[in-house]
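So the sequence lines, in the order shown, correspond to chains Y and X.
The first sequence: position 480 = 480 (our numbering), numbered continuously.
The number in our numbering is simply the position in the second sequence, starting from 1, with 1000 added.
I should point out that these hints are in silico values taken from the structure, not numbers from a laboratory.
Each residue gets a CB set at the ideal place from its N, CA and C atoms; glycine is no exception.
Accuracy of the hints is not assured; some may be wrong.
Said to hold, decoys possible - With beta-carbon atoms standing in for the labels, derived distance ranges:
1) A131/Y to V1322/X: 42 to 52 Å
2) R390/Y to A1047/X: 51 to 61 Å
3) W338/Y to S1177/X: 52 to 62 Å
4) F122/Y to G1142/X: 36 to 46 Å
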Amino acid sequence: MQAGQQPPGEVLLDAGEFAKSFGTTRALVRGDLLIRAGEIHALVGHNGSGKSTFIRTLAGYHDPDGGRLAVRGQEVPLPIRPGGAASLGLAFVHQDLGLIDSLSVLENMSLTRLATWRGAPFIRWRQERLAARRDLRQLGADLPLDTPAGSLRQVDRALVAAARAFAALGGDAGRVLFCDELTGYLARKEVEDLYQAMRQLTARGDAVVLVSHDLTEVLDMADVVTVLRNGATIATRRTSDISLDDLSSLLVGDSAAVPQLTQEQVDQARRDSAVADQPLQVSGLTADRVDGVQFEVRAGEIVGLTGLVGSGHEEAVETLAGALPATAGSICIGGETWDLAGLTPRGAHSRGVGWVPPSRLAQGLIASLPAQENLPMLVLSRFFRRGVIRWPQVRNHTREMAVALTVSPPDPRLPVQALSGGNQQKELLGKVLELSPRLLLLSEPTRGVDIAARATLWRLIEAGAARRYTIWTSTDFDELASVCDRVIVFSKGRVSTQLSRESLSVEAIARACLAA
Amino acid sequence: MPGSLETDPGHETAPAAGQPSPPRRRGARQISANLAGRLILPVVWAAVIILFSVLEPSTFLTLSNFASMLASQASLLVIALGLIIPLTAGDYDLSIASVAGLSAMIIGVLNVNHHWPIIAAIAVAMLACLAVGVLNAVIVVGLGVESIVATLGMGTLLGGVVLFISNSTAISGISTSLSNAVVSHSFLGIPLEFYYGLVLCALLGYYLALVPSGRRLLYVGRSREVARLSGISVGKYRTGALIASALFGGIAGLLIAGTTGSADPSSFTSLLLPGFAAAFLGATTIVPGRFTPAGVLVAVYFLVTGITGLELLGAQTYVQDVFYGAALIISVALAELSSGHRPSLRSLWR
């Protein structure tokens, strides 16, 4: 570890050489983390760098394959048993916060305590109120206790979750609060408020670990930063000793490995030479988090949209698919122009726009139904002849599709939920490709799938890319650098940078996102 | 290590998402288990028939007993068929039995008290049921009220309306041309109403299994969001389903009015629970996990066979309630068990 100057506080947590694999995927290779009392410690790294796995291992959610852990100088045997983290003085707040929006702040604050209620046969609400107010004050938050949690500002919701997690710990100092990407959806002012609240804790000798994507924020407001890359801790620095450039270099690495797919590069070269004359144009696109965006996609081109979490690239694609209402904007493909405000998914389909949504089971496929009812969902009428759906044909067609998509096993009667994530994703892609879309929209099409399935998905998407327009959103910069002809970087709902093929690299994308 | 993947917190149960997994065996086993599951109810039904035939050959095993069992359940069959339409779309219609009561009572009041021709009375009754269906849809789909709450309220409200228009008394003497068409005339010794039920069963079965919009109804019921993003007008399908169930309720009322020649304002609510029992029991057979008309047909007649047999053996009428209630619980429990995700009792208590 290379913690900068004089250590300002007692070492609260010393985790070393944490490792964790899922199957053949090594999510965490060597995770090191040293947390001292009184510091706000930022943990940064790309998607897939192992941050979440590391934190979940410390929380006792995953059992590590190896590693050692000392808390306040005491060796702790691994794995940490579920619930054991709290008795060590470690509290965790996850991105989804775990609040029940329809319940009041007070009821949310009392939730954990009441869940393991061992006291009097009735709830002493007066005492609960006092306790909740005291716990929130620890974070400097003075919130109305009877307001529904759902009506609070995002940052205040985060504070309720943090105060609750913290209150569940024993002791009154030397505790560590881990916050997993709470700032992604917060406005700048709210981020400042959050750090302000965390300062209240560190001033008393506790420590806070914040997972974040935003390097500027980290440098401005945290004390120490630890960088993870490809599952390993690369460096730990004091934020006063490092520049933004150096930090992004650490994050990205000198030669980030890009998966090589030679056949695809050949295809790409061919596409580049065959630039079609009718580009797709999106103009004036305005929606929630999207602010007057315009861009072009050439025929045969794969354009990546990316940005930090909450920068609007996801929403832009959803409005093109008709899934999210746009307030204004239009799209023009091959001389045909239509309004994006009021566009429905069906309207998008009828104009040849297909969308692979980011959440395959909540938005894409129906888990309880078999492949033969999922894959042909959008084109079922095609098999309706002389008054009857020809199910044997549907079944054969589905089997052929599944084989072409390399779904394993390609059994058309198998419910989608019986397939692995990668195979589900292939079926979802197949469902959308059934439309033969002119414009293919992909939202995180390889999220949570294994490497082999990812390569297959890339190949399947690229195979037909020359015949259509493709827009691909991802926060995996490796992926974008490998598959895209061009990458458009979003920031605060606007296009901030466009990177053409020549200047496209993992590092360039990362810098563009962070600089935005 | 370019591809170290993080599982996405909150989206998947890690670590399954990140690892390449061999073709899972669970799916294959599930299919063969389903094949066995499909046939359990028909087999049990056959066994029940054989059992009672042996025990009560003189009363159970007679043509007239079978004819009466088949015909007497036609209205229940139609109610259960009506129920599975919104159930397939993911909504409950708890007002269907009251709609049947409304239909029968309108026919009775107009035909008997106001001397309307039977055809006109039937037309008005059907229009009233249609209006109830539309109203249900406005409340459930338009206003976003949970269907179970909205239709429970509507059912109770209609029960009051039926009492009001009938002055709380049974009306008898409905035109014999209706009872002729429903129950007096028969084909192969079985009153015509049985065949009406069969026809509706076949039509609905055709629609749900072989017409694209029928399958879209299932998509809507399984995942509103997937259906919406797949370009299906979720609201239209839910509306259509609630209107259809009200019309089926109306037809059931018509059959009741024809069978008894009268309309009794207090007798209809007792059809609701057996209807649900048949719908859910039917979903354990033929295509397990789905509401199918064929499953409903088997379930309705399995239930009446059991009840009739027990009554012939000397059981009291309470056996009906016990039988229907138990069937509802057992069928839903069976469906939970076969769905594969059953938590252990210990984990529920922890």
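Results of checking the hints against the structure:
1. The given range of 42 to 52 Å is respected by A131/Y and V1322/X, whose C-beta atoms sit roughly 50 Å from each other.
2. Hint check: R390/Y to A1047/X, Cβ distance near 36 Å, so the stated range 51 to 61 Å is violated.
3. For the pair W338/Y and S1177/X, the supplied restraint of 52 to 62 Å holds, since their beta-carbon distance comes to about 57 Å.
4. For F122/Y paired with G1142/X, a C-beta distance near 42 Å keeps the hint of 36 to 46 Å intact.
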